[in-house]
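Asks: Each chain is listed here by its residues.
Protein chains: 2
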Amino acid sequence: MSETISRDDFLAGVAFNADGLVAAVAQDHKTGELLMFAWMNAESLRLTLETGDITYWSRSRGELWRKGATSGHTQKLVEAYIDCDGDALLFKVEQTGAACHTGNRSCFYRKLG
Amino acid sequence: MSETISRDDFLAGVAFNADGLVAAVAQDHKTGELLMFAWMNAESLRLTLETGDITYWSRSRGELWRKGATSGHTQKLVEAYIDCDGDALLFKVEQTGAACHTGNRSCFYRKLG
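As given, the protein sequences belong to chains A and B, one line each in that order. If you're matching positions, the first sequence starts at 1186 in my numbering and goes up one per residue. If you're matching positions, the second sequence starts at 1186 in my numbering and goes up one per residue.
The set of hints was computed from the structure by calculation and includes no laboratory data. All clues given are correct.
Pairs involving identical chains hold if they fit within one copy or between any two copies, as the list cannot separate such chains.
Computed cross-link-like contacts, EDC-like style, restricted to lysine to aspartate or glutamate with a CA-CA straight-line distance of at most 16 Å:
(1) Lys1261 to Asp1213
(2) Lys1296 to Asp1270
(3) Lys1261 to Asp1238
(4) Lys1261 to Glu1218
(5) Lys1296 to Asp1272
(6) Lys1215 to Glu1264
(7) Lys1296 to Asp1194
(8) Lys1215 to Glu1279
(9) Lys1296 to Glu1188
(10) Lys1296 to Glu1264
(11) Lys1261 to Glu1279
(12) Lys1296 to Glu1218
(13) Lys1261 to Glu1235
(14) Lys1296 to Asp1193
Next up, chain A with everything else stripped away, as it sits in the complex (with noise of 0.2 Å):
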C-alpha cells in the first residue's frame, strides 16, 4: 500500500510551519505502538536521516534533542513516512527502555475511562 521515495522527494515533501517545525512521530517498529509526539526542523531531520539516531528538535529547550542521549533511552530509525500533506512524519522506531520521560513506555499512557 505504500510507494517507496528518495531521500531527496522526502525532505522536499516536507511541509514546515511557520516555526520551521514538522510534527514527528515515534511509533514501535515490532509492535505497532504509538510511542510519542514531537517535533523536528529541518537540521533534526537531516541527522535523523544521516544518523539513524532520531532527533528532535526541544520547543522548550530550544535545541537539538537526540532521544535518548542522557537517559540512553534511544530511538534508531527503522522506516521513515511522510503523510499526504507533509506535515507530519511518522518513525518506525527500535525504542531502547521507555520513550516517556515519566518512566513509561508510551507517553500515550492515560486513557479516557
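Let chain A serve as the given structure and place chain B on it in line with the hints.
Replies: The following block gives chain B in isolation, referenced to the frame of chain A:
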C-alpha cells in the same frame, strides 16, 4: 501499562496551543496502523467524545471536520489517550474505507527508500 482517567481529567489535561488546537493522531485499533495526523480544537474534541465520531478542526477551511461526513470514510472512536504533556491525543479508531483523501488507507503511504 496505561492508567485510566476520567473525562474531566482528560479534558483538563489538554494543553491547547496558542491557536487553541491540539495535535491528534488516529490509529487503526485492530492493526495498529497509523492512519492520519490532524488537529482538534476544544469543540471538535468535545464532539468526538460525546458522539464517538472523530471530529477534527480543519485549519484550511476554518471549520469543524467530522471525518467522513462527505466521503463516508468515518472514524469511530474506540479508545482515547492523552500524552504526558497534554499536547497530543491518540485515538484508536474503527476506520471505514480510506483515511486519506488520496484514497490510501493511511495518509502515511510514502516511505523513505
